[in-house]
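Produce the entire structure from the sequences given, and follow the hints as far as they go.
Sequence positions in the sequence shown follow numbering that gives the first Met the number 0 and run 0 to 384.
Everything labelled a hint here was simulated from the structure, so no lab data went into it. In this text the structure is predicted, and so the values were computed from the model without any measurement. Take these hints with a grain of salt, some might be off.
[What the hints assert, rightly or not] What follows is a set of in silico ranges between Cβ atoms, one per label pair, in the way DEER data are often shown: (1) Asp209 / Ala257: 43 to 53 Å; (2) Asn237 / Gln208: 22 to 32 Å; (3) Ala253 / Gln55: 49 to 59 Å; (4) Pro283 / Pro340: 24 to 34 Å; (5) Lys212 / Glu92: 33 to 43 Å; (6) Leu115 / Ala349: 50 to 60 Å; (7) Leu245 / Gln108: 36 to 46 Å; (8) Ala110 / Gln89: 30 to 40 Å; (9) Thr219 / Gln191: 39 to 49 Å; (10) Glu181 / Leu271: 31 to 41 Å; (11) Gln83 / Ala110: 16 to 26 Å.
Quick reminder that beta carbons are idealized off the backbone N, C-alpha and C, glycines included.
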Amino acid sequence: MRSLLNYYQPVHWCLIALMSGCLLLNQAYAQQKPAAEQELQQVQSQIKKTEQQLRQQRRQLQQAEQKLQQADQALADASLKVRQTSARKQQLEQESAKLTLQQQQLQQQLAEQQRLLAAQLKSAYSMGQHDYSRLLLNQQDTGQLERILTYYQYFNQARMRQLAKINQTVQDLEQVVAKLAEQQRLLQRELQALEQQQQQLTVARASQQDSIKHLQALLTEQGNQLSYLRQNEGSLQNTINELRRLAELSKDMAGLGAGKGKYPWPVKGQLLQRFGQNRQGGMPARGILIKGVNGTNVQAITEGRVIYADWLKGYGWVIVLDHGAGFMSLYGHNQTLLKQPGDRVSSGEAIALVGASGGQADAGLYFEIREKGEAVNPLLWLARP
0 MRSLLNYYQP VHWCLIALMS GCLLLNQAYA QQKPAAEQEL QQVQSQIKKT
50 EQQLRQQRRQ LQQAEQKLQQ ADQALADASL KVRQTSARKQ QLEQESAKLT
100 LQQQQLQQQL AEQQRLLAAQ LKSAYSMGQH DYSRLLLNQQ DTGQLERILT
150 YYQYFNQARM RQLAKINQTV QDLEQVVAKL AEQQRLLQRE LQALEQQQQQ
200 LTVARASQQD SIKHLQALLT EQGNQLSYLR QNEGSLQNTI NELRRLAELS
250 KDMAGLGAGK GKYPWPVKGQ LLQRFGQNRQ GGMPARGILI KGVNGTNVQA
300 ITEGRVIYAD WLKGYGWVIV LDHGAGFMSL YGHNQTLLKQ PGDRVSSGEA
350 IALVGASGGQ ADAGLYFEIR EKGEAVNPLL WLARP
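Laid out in structure tokens, this is it:
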């Protein structure tokens, strides 16, 4: 029995050692468990904080984009009012110039009529030296009497006609003077409206520039410029894909193929960005950027039909023309648009005004040519400057 106990005694001590080890491991695990859970909670808290920051950044960016769109809208409205008022002012000035010329012609006509009447009165006075009643009583020379009476009748009729002409001329002149005075009042009113609208335009332009600076500062701070450009290009491409289906319905236009290398530039200015050149953020440009002057005309490179005219994120006020055979031309960053979808335009016709909408720091025109939805180098289609 003792030998048997002696045999199992090492095993006993081994079991005791194993149990002690397990107890130590359990104690160590129990000590490590709270630390691991605490680290996991910290990671989850950091993830939640980062997500909150991202949501806040997205909200800030959306608010900045909304403010920019509102500023672009206010500037477009003010610019269009200035253009319309300027056109009315020019029309009034032209009408006033015509009325002034008409007034001068009527005054000259009146002076000539008065001269003729004076000559007639002088002739009548000369004939008036004959005693009219004595001639009637003188029956010795009836032929002379008849001639003199005929002369009297002739001069009287001539004077009456001349007086009627003078009276009509005076009435016409009075009407012209009244119209001219009304035109001057209207012109003065338009000038006052134009001055106010130009002030509003200045305020709107300043607001637009503030919105652009705020948006660019946010993009730089958040490091989202590349992502922002990709979103904008994706939005543009989706729009182009939709427009392409509309363009396929056009069968009455021949496209751009025949005039390759000959089309006029939509605006005259320095080329700021070439096709394929990396933009800020590293993405290649699908079009070209031409430096322009705020408010100058953007012209259609050739005849076409407007299939899009609206504000587009990243590109501002955009107008797209369908030229048939799968060709489209796109004009972006405009200050305001002068045409609506469905309008037909001719070559060289003004379709928009140069601006800096959509986040541009300086005035310029973004221009693309698309062939069956794919961007092609516009410089291959435009005439050499």
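Hint-by-hint comparison with the structure:
A hinted range of 43 to 53 Å for the beta carbons of Asp209 and Ala257 is consistent with their spacing of about 46 Å. Here the CB-CB span from Asn237 to Gln208 is close to 29 Å, well matched to the stated 22 to 32 Å. Distance hint for Ala253 and Gln55: a CB-CB separation of about 53 Å, consistent with the stated range 49 to 59 Å. Under the hint 24 to 34 Å, the C-beta atoms of Pro283 and Pro340, about 29 Å apart, fit the expected range.
The hinted window of 33 to 43 Å between Lys212 and Glu92 holds, with their beta carbons roughly 39 Å apart. Range check, Leu115 to Ala349: about 51 Å between beta-carbon atoms, so the 50 to 60 Å window is met. At about 59 Å, the beta-carbon gap between Leu245 and Gln108 misses the expected band of 36 to 46 Å. The beta-carbon spacing between Ala110 and Gln89, approximately 32 Å, falls within the hinted interval of 30 to 40 Å.
At roughly 43 Å, the beta carbons of Thr219 and Gln191 sit within the given window of 39 to 49 Å. Taken as a hint, the range 31 to 41 Å is violated for the pair Glu181 and Leu271, whose Cβ atoms sit roughly 48 Å apart. Range check, Gln83 to Ala110: about 41 Å between beta-carbon atoms, so the 16 to 26 Å window is missed.
Violated hints, listed in ascending order, are 7, 10, 11; each of the other numbered hints is respected by the structure.
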